[in-house]
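Undergrad: Following the hints, position chain A against chain E.
The primary structure of each chain is shown beneath.
2 protein chains.
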Amino acid sequence: MLTYSFTDTGSDCLYIHLYKCIKNDILSGKLPAGTKLPSKRSFAKNLGISTITVENAYAQLQSEGYVYSLPKKGFYVMEITTPSATAPAVSSDNFQITRPSGYQIDLVSNQTNPDNFPFSIWAKLIRETISEKSEELMAAPPCGGIMELRYAICSHLKAFRNMDITPEQVIIGAGTEYLYGLLIQLLGFDKAYAVENPGYQKLAKIYECHQVCYHAIPLDHYGMDIDALEASCANIAHITPSHHYPTGIVTSISRRYELLAWASRKKNRYIIEDDYDSEFRLSGQPIPTLQSIDQSEKVIYINTFTKSLSSTVRLSYMILPKHLLEEFYRRFHFYSCTVSNFEQYTLARFLSDGYFEKHINRMRTHYKNVRDAFLHALQKSPFASHIKIHEEDAGLHFLMDIDTSMTDSELLQTDIQHSIHLACLSQYYFKATPEIPEHTLVLNYSGLTLEQIPVAIDLLNRLL
Amino acid sequence: MLTYSFTDTGSDCLYIHLYKCIKNDILSGKLPAGTKLPSKRSFAKNLGISTITVENAYAQLQSEGYVYSLPKKGFYVMEITTPSATAPAVSSDNFQITRPSGYQIDLVSNQTNPDNFPFSIWAKLIRETISEKSEELMAAPPCGGIMELRYAICSHLKAFRNMDITPEQVIIGAGTEYLYGLLIQLLGFDKAYAVENPGYQKLAKIYECHQVCYHAIPLDHYGMDIDALEASCANIAHITPSHHYPTGIVTSISRRYELLAWASRKKNRYIIEDDYDSEFRLSGQPIPTLQSIDQSEKVIYINTFTKSLSSTVRLSYMILPKHLLEEFYRRFHFYSCTVSNFEQYTLARFLSDGYFEKHINRMRTHYKNVRDAFLHALQKSPFASHIKIHEEDAGLHFLMDIDTSMTDSELLQTDIQHSIHLACLSQYYFKATPEIPEHTLVLNYSGLTLEQIPVAIDLLNRLL
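Chains as they are written, first to last, in our numbering: chain E, 1 to 464; chain A, 465 to 928.
So here's chain E without its partners, still in its complex pose (with noise of 0.2 Å):
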């Protein structure tokens, strides 16, 4: 049974002490999702405390959503997730996805910082849209989404990567992981789909709920490594070539054709390219994406907004090949666009306003400030010495080694992770991969305020 020490309780009572407790240890994994609390009386007499108190502290988590309770069966730890690009490993049973608020500070969560959200501007667009279109608003969409807002989607990848696309080939769908779950009806459950190993789990997890079968492939210093996946018998690769996720690795210019052409050799071949935060390349020139310089209509581009403008926004699109409208449109007419008419509106004028362009570029300096003072900040710390940083020019996010005898699982389970989110790099790479390399973090700096920098390095040196 759960066991929590009542000789430290601060100027807690009782009650509001357990919770925090039962609250740490959800927030941390330790409790994960669907655990059965122990039974308030049992639990009481374990603690030595009354009855009364375990109820108060259960009712507390209950009113705050962290455990539900069953008639007549007792508490339940409720799922507790946060829609992070930056899902924990598969490979590891033990690494739960937590709330990013339960941290003093997070370094895995790509939530984005409220403060940073154009508030105002979003609220007057919503404004102007309710007063101006209500008639608009109520009229059915076409299944790809409204006109306005694929029109102005064109021209944002025309000025802002160099892409020459029409309307009919934007699809707008309520987050990216909707529209995989769409892509995989269009080009079929009887194909097989590559992920990239190391690479961002939940997409072998979306693979996996729809029964689909995937393969993972290793990455070389250039991208996916194409031998193994030609060796494979996927149809279908899906990557991220611009940065990919969590190493940084930009996918080299010869690889690229190298894609294009393992996709052009046979009929069923696709390369989904997924771009999820190429608004936040920091350093260098920009990379023409796949699409662009795809001659043959085998690349889908994917993109989101729920990245560039808040991860609570559900507006992602894909913009499929030529050839793939005629059955796309046949087959999928009947589906109603996921996303409400309001906020279709509202970012179509976000964007044809030049309110998006002025938000990236606000966003674009913040971020660069925060990782120029964190990795500053790194450099000076104490334990400067035991640390080598990597792949920091681009997205949000850069790697580092650590000197330490703890084995990354022994890391990620100290107390200093109850203060601060970790993630390890070796939590990204499937189970069944050979060698998998141990003491390197994942710092995720989305969410990371200039603020919060002297705890953050705190914390880090607390832990190394």
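Wrong hints could be hidden among the right ones.
[Claimed, not checked] Ranges between beta-carbon positions, derived for each pair: (1) A:Asp684 / E:Ala432: 39 to 45 Å; (2) A:Lys895 / E:Thr35: 48 to 54 Å; (3) E:Ala432 / A:Ser503: 39 to 45 Å.
[Said to hold, decoys possible] Partner residues aside, some chain E positions facing chain A, computed with beta carbon under 8 Å: (4) Ala123; (5) Leu137; (6) Pro142; (7) Gly175; (8) Lys202; (9) Lys205; (10) Cys209; (11) Ser308; (12) Ser310; (13) Thr312; (14) Arg314; (15) Tyr329.
Derived from the structure by calculation, the hints contain no laboratory data.
Backbone N, C-alpha and C define an ideal beta-carbon position, used for all residues, glycine too.
TA: Frame of chain E; chain A shown alone:
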């Protein structure tokens, strides 16, 4: 090749006339999505007009989103859909889903009238949400949706449907179509699904898109035929017991218990209860949901705000039986909720501040007035002796038998179909059904206004 007459262009210039002709054919389904339009030059030659005229007409169609162009290939008809609950039959390939706005009168679409949406209240609640909830709006919600909304839905279901459920049973999603997909992932791609015949054909399409096996089960007067259901190998029965679409049959209480008994007999059997328009039962006693009389946790209840609030607010929910919660959260906790926080918080307020109840009451009165006026006008019409109305008590549509020598297929291809959008009961049957009844119209009056009734009667009169 397409041919249009230019003898009666009215006051329209040539290109506008051509644009209207093509638009009408797209809207009526004569030119289905994906159809290639003739090349400008050959079309011009064929019609005896200039290439510029064709070019202008195509440009107009393209700018309005009716067609799209592929470079060096030509112009194609865009998919134009309505997220209507009243999807046309898969059994009749000629019957295209068309955009309701193209008709003078639309008796097929369930699109709501913009005048009925509570814009000012909704705008006020969005404003309040943005100003008071900036932090919560940016926080990642649990995969099932924000707790406030799930609590509010529990209270609503308790008050309206006397259902006792807990918030963790409520799963929010961007439309019922998305939730069906999630349910297939939960219940299994290897299961066989039973749908109603006649029935809501979109369901069958969704099962087809997910490549799962489904059976079309006939109905008798009391609901889904139990013997046929038992004889099929179906594990999951997907039904609309409160008000069958489109026949209006209300599943009898004894059939409800038979269905529950059917589900209890095997471990993997479940019932999906789609309660899509229960808020709008206009007469008679409300019927308890299957979910509320289910003792064996075999019912998954689904409902939507898309029908009761607006067809463009993409927000639906399902109520999972408690014993499925552990599996659901364990397998799917990594999924992000597909509805943006903005809409979730706004709707939570709309529900808990009592606006939804007021809105439903207002709409019920409105629909009752429209229905009564429409029925009255039909009974006073010149063709009153040629029609028979039934199932007019519940929901937002009724059936009307008509006395005509035309087949349904002929009827739906008459010119009058350019002006009035009608559906026949036969369109809701699956292809292989032995005896499909003809000469019954399904009249959906949810988008009809009192002012439109004389026009509708006039158009029906010309048809009959």
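Undergrad: Are the hints correct? Go through all of them and say.
TA: Against the structure, the hints:
1. For A:Asp684 and E:Ala432, the Cβ-Cβ distance of about 54 Å falls outside the hinted range of 39 to 45 Å, so the restraint is violated.
2. Taking the beta carbon of each, A:Lys895 and E:Thr35 are about 49 Å apart, inside 48 to 54 Å as hinted.
3. The hint said 39 to 45 Å for the Cβ distance between E:Ala432 and A:Ser503, and at roughly 55 Å that hint is violated.
4. Satisfaction of the interface hint for E:Ala123 is found here, the shortest Cβ-Cβ separation to chain A being roughly 5 Å, below the 8 Å cut-off.
5. Hint status for E:Leu137 relative to chain A: holds, with the closest Cβ pair at about 6 Å, below 8 Å.
6. Hint status for E:Pro142: holds, given a least beta-carbon distance of 6 Å to chain A, under 8 Å.
7. Restraint check, E:Gly175 versus chain A: the minimum CB separation of about 6 Å is within 8 Å; hint holds.
8. The interface hint given for E:Lys202 holds, since its Cβ lies 6 Å from the closest Cβ of chain A, which is under the 8 Å cut-off.
9. Restraint check, E:Lys205 versus chain A: the minimum CB separation of about 6 Å is within 8 Å; hint holds.
10. The restraint placing E:Cys209 at the interface with chain A holds, with a minimum CB-CB distance near 5 Å, inside the 8 Å limit.
11. Restraint check, E:Ser308 versus chain A: the minimum CB separation of about 14 Å is more than 8 Å; hint violated.
12. With a cut of 8 Å, the hint placing E:Ser310 at the interface with chain A holds, because the nearest CB-to-CB distance is about 6 Å.
13. A hinted interface residue such as E:Thr312 counts as satisfied when its beta carbon comes closer than 8 Å to some beta carbon of chain A; here the least separation is about 4 Å, so the hint holds.
14. The beta carbon of E:Arg314 is positioned within 8 Å of a beta carbon in chain A (closest approach about 5 Å), and the interface hint is therefore held.
15. For E:Tyr329, the interface hint holds, since its Cβ comes within 8 Å of a Cβ in chain A; the closest pair sits about 4 Å apart.
In this structure, the earlier hints numbered 1, 3, 11 are contradicted, and the remaining ones agree with it.
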